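Each chain, letter by letter, is given below.
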Amino acid sequence: MPTNAPEPQPASEVSDKGAAAVRFRGVHKAFGDNVVLRDLDLNVEPGERVVIIGPSGSGKTTILRVLMTLERPDGGTITVGGRHLYHEEGRDGSLRPAGEKHIRSVRSDIGMVFQHFNLFPHMSALENIMLAPVQVHGKSKSEARALGLELLEKVGLAEHANHTPGELSGGQKQRVAIARSLATDPAVMLFDEVTSALDPELVGEVLSVLRDIAEEGSTTMLLVTHEMGFAREVADRVLMFDQGQILEDGTPEEILRNPQEQRTKDFLGAVFEH
Amino acid sequence: MEDLILSEGQYRQLLVGLRVTLSVLGWSFLLGVVLSLSVGVMRLSSNRVVRGVALVYVEFARGISSIILLFIMAYAIPILFGFQQGSRLLLASLALGLNMGGYGAEIVRGSILAVPKGQTEASIALNLTPFQRLRFVVLPQALRIILPPFGNLTIEILKGTALVSLIALTDLMQVVSIIRQQQLANQVSDVTGLFVNVLMIYFVIAQVINGVFRLAERALDRRFSSRPGDLPTLGGPATAAAGAGG
Numbered sequence: 000m001p002t003n004a005p006e007p008q009p010a011s012e013v014s015d016k017g018a019a020a021v022r023f024r025g026v027h028k029a030f031g032d033n034v035v036l037r038d039l040d041l042n043v044e045p046g047e048r049v050v051i052i053g054p055s056g057s058g059k060t061t062i063l064r065v066l067m068t069l070e071r072p073d074g075g076t077i078t079v080g081g082r083h084l085y086h087e088e089g090r091d092g093s094l095r096p097a098g099e100k101h102i103r104s105v106r107s108d109i110g111m112v113f114q115h116f117n118l119f120p121h122m123s124a125l126e127n128i129m130l131a132p133v134q135v136h137g138k139s140k141s142e143a144r145a146l147g148l149e150l151l152e153k154v155g156l157a158e159h160a161n162h163t164p165g166e167l168s169g170g171q172k173q174r175v176a177i178a179r180s181l182a183t184d185p186a187v188m189l190f191d192e193v194t195s196a197l198d199p200e201l202v203g204e205v206l207s208v209l210r211d212i213a214e215e216g217s218t219t220m221l222l223v224t225h226e227m228g229f230a231r232e233v234a235d236r237v238l239m240f241d242q243g244q245i246l247e248d249g250t251p252e253e254i255l256r257n258p259q260e261q262r263t264k265d266f267l268g269a270v271f272e273h
Numbered sequence: 000m001e002d003l004i005l006s007e008g009q010y011r012q013l014l015v016g017l018r019v020t021l022s023v024l025g026w027s028f029l030l031g032v033v034l035s036l037s038v039g040v041m042r043l044s045s046n047r048v049v050r051g052v053a054l055v056y057v058e059f060a061r062g063i064s065s066i067i068l069l070f071i072m073a074y075a076i077p078i079l080f081g082f083q084q085g086s087r088l089l090l091a092s093l094a095l096g097l098n099m100g101g102y103g104a105e106i107v108r109g110s111i112l113a114v115p116k117g118q119t120e121a122s123i124a125l126n127l128t129p130f131q132r133l134r135f136v137v138l139p140q141a142l143r144i145i146l147p148p149f150g151n152l153t154i155e156i157l158k159g160t161a162l163v164s165l166i167a168l169t170d171l172m173q174v175v176s177i178i179r180q181q182q183l184a185n186q187v188s189d190v191t192g193l194f195v196n197v198l199m200i201y202f203v204i205a206q207v208i209n210g211v212f213r214l215a216e217r218a219l220d221r222r223f224s225s226r227p228g229d230l231p232t233l234g235g236p237a238t239a240a241a242g243a244g245g
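Which chain is which? The protein sequence lines are H and W, in order. So for the first sequence, numbering that gives the first Met the number 0 puts the first residue at 0; every next one is plus one. So for the second sequence, numbering that gives the first Met the number 0 puts the first residue at 0; every next one is plus one.
Chain H with its partners taken away, still in its complex shape (with noise of 0.2 angstroms):
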């Protein structure tokens, strides 16, 4: 049951341009029984950031897996930057599957970055930025790697540029994975839990990383964290999201500071216990 009515929407269903950098509508996923997105309606702005939120297990980490393509809905539509993800539009509006070729198209607004960084081992730092930029965005390897140098010491590594992953700190690895994201100039990045697998004195490092992403303005971010005083600093939206769906939508001042539902009281309550 949706209990706080979502931010007004437009109501046309028709994808329409400056349209909401991210839309969801009705997506359902489930793993066998288990119901981890019931119905899912979302609007993300563009350039706007928005911090979800949310007891493991209910289903945050999936919203972001589902707009990175990484699990199929079981129904309903998503759309990014006002093009359906999963579907073709025909002449008359009507939706049907869509193929590889145009999923790809509409991915490449999206990039993520992982709890468990999923730097490629075999490549240095710079090799891990420049994939991307020179195999898929047909850059020249010269124009790769000044891209590849340049995000590297906006991240503070650029003297790491050699060492390959294995050799790198987990904060260390967490910025390469996020210049490697950054190459590839999305429209709307994904952080899942991004400083949940590092050691407490580097997260630090990585969050002012993201809070410069932030600061610039541009990119639209979705984020899944545990790091309640930087979503309270960067976030112009929470989302408390429990068995798959939005509980809670607000500023993060009244979703942290003065929640409605016991629920959100309960999460919260535990997460500051710690």
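Note that these hints are calculated values from the structure, not bench results. Misleading hints may appear alongside valid ones.
[Claimed, not checked] Stretch by stretch, here's where chain H covers chain W in the computed footprint (C-beta under 8 angstroms, at least three residues):
(1) 112 to 120
(2) 130 to 142
[Claimed, not checked] In silico DMTMM-like pairs for lysine to aspartate or glutamate, Cα to Cα no more than 25 angstroms straight-line:
(3) K116/W <-> D32/H
(4) K140/H <-> D229/W
(5) K153/H <-> E192/H
(6) K153/H <-> D211/H
(7) K116/W <-> E247/H
(8) K116/W <-> D108/H
(9) K138/H <-> E215/H
(10) K140/H <-> D220/W
(11) K153/H <-> E204/H
(12) K153/H <-> E142/H
(13) K116/W <-> D73/H
(14) K153/H <-> D220/W
(15) K116/W <-> E216/W
(16) K140/H <-> D108/H
(17) K153/H <-> D235/H
(18) K116/W <-> E99/H
Computed from a prediction, not measured in an experiment: that's the story for all the values here. Ideal Cβ positions, reconstructed from N, Cα and C, are used throughout, including at glycine.
Dock chain W against the given chain H, drawing on the hints supplied.
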């Protein structure tokens, strides 16, 4: 001790056999590797038909005795398709290569599955095509797991090449039978020297194969550590020049 050293003529005969053995080994290895990689990848296809075809091949290649496959290749296929006898070496290699591909495909499949799923997910997030994911991300990492069992498999094939003597190819083993008959004709009864020699030859080839695979493993492992050379730098005349040149 002198008995262990054969005559020059006999070594010359063995050399002829060695060349056939190495040719059969080379061709069947080549075919085996191509089949292993392609069928191993096909086994993991999302397309059911492709997966099914690959599975049928694997089960046949592993389930059929290589000597029967060899006889089919040597005697049945030429009659069916009207081949010349001269292609018997290639047909024998085909039989052994088909056999190796069955085992190799399973090694490749297992090795690809052993690469963490997050690697594929990261390459999807970077929007690589399925082929690029394999080529740049999954296979280079799977190769590390593939190499040691492939070394074993190659040595198995080396030993399997002795079977081609049964279809009258003059490989090392066939030459040994020929020399043995010559010795019997000359009333030489001691076979120790001959067999110790041929044993050493097989052993040395096996060690060379081992060495090659070990070198390959080491070369691959080097990719998992720092790149040698100067750190690339941003800006500066060097980068500008490289940029213009590239």
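Right, here's what the structure says about each hint:
1. With 4 residues carrying a beta carbon less than 8 angstroms from a beta carbon of chain H, the stretch 112 to 120 of chain W meets the three-residue requirement, and the given coverage holds.
2. With 5 residues bearing a CB less than 8 angstroms from a CB of chain H, the stretch 130 to 142 of chain W meets the requirement of three and the coverage assertion stands.
3. This hinted pair checks out: K116/W and D32/H have alpha carbons roughly 23 angstroms apart, not beyond 25 angstroms.
4. For the proposed pair K140/H and D229/W, the alpha carbon gap of about 17 angstroms is at most 25 angstroms, so the pair holds.
5. Our distance criterion of 25 angstroms between C-alpha atoms is met by K153/H and E192/H, whose separation comes to about 21 angstroms.
6. Under the criterion of a C-alpha separation no larger than 25 angstroms, the hint pairing K153/H with D211/H is consistent with the structure, at around 9 angstroms.
7. Using a Cα cut-off of 25 angstroms, the hinted pair K116/W and E247/H is violated, with the two alpha carbons roughly 33 angstroms apart.
8. Of the supplied pair hints, the one linking K116/W and D108/H holds, its CA atoms being roughly 22 angstroms apart against a limit of 25 angstroms.
9. Between K138/H and E215/H the alpha-carbon distance is near 24 angstroms, which keeps this suggested pair within the 25 angstroms criterion.
10. Between K140/H and D220/W the CA atoms are separated by roughly 24 angstroms; this keeps the pair inside 25 angstroms, and the hint holds.
11. A threshold of 25 angstroms between alpha carbons decides the hint, and for K153/H with E204/H the separation of about 12 angstroms falls inside it, so the pair holds.
12. Distance restraint check for K153/H and E142/H: the Cα-Cα separation of roughly 17 angstroms lies within the 25 angstroms cut-off, and the hinted pair is therefore satisfied.
13. With a CA separation close to 21 angstroms, the supplied pair K116/W and D73/H stays within the 25 angstroms bound.
14. As the CA atoms of K153/H and D220/W are separated by approximately 30 angstroms, the hinted pair breaks the 25 angstroms bound.
15. Pair hint K116/W plus E216/W holds up; C-alpha atoms about 23 angstroms apart against a cutoff of 25 angstroms.
16. A C-alpha spacing of about 22 angstroms is found between K140/H and D108/H, which places the hinted pair at or below 25 angstroms, so the restraint holds.
17. Straight-line distance between C-alpha atoms of K153/H and D235/H comes to about 24 angstroms, which keeps the hinted pair within the 25 angstroms bound.
18. The hinted pair formed by K116/W and E99/H meets the criterion: a straight-line CA distance of about 20 angstroms does not exceed 25 angstroms.
In summary, the numbered hints that this structure violates are 7 and 14.
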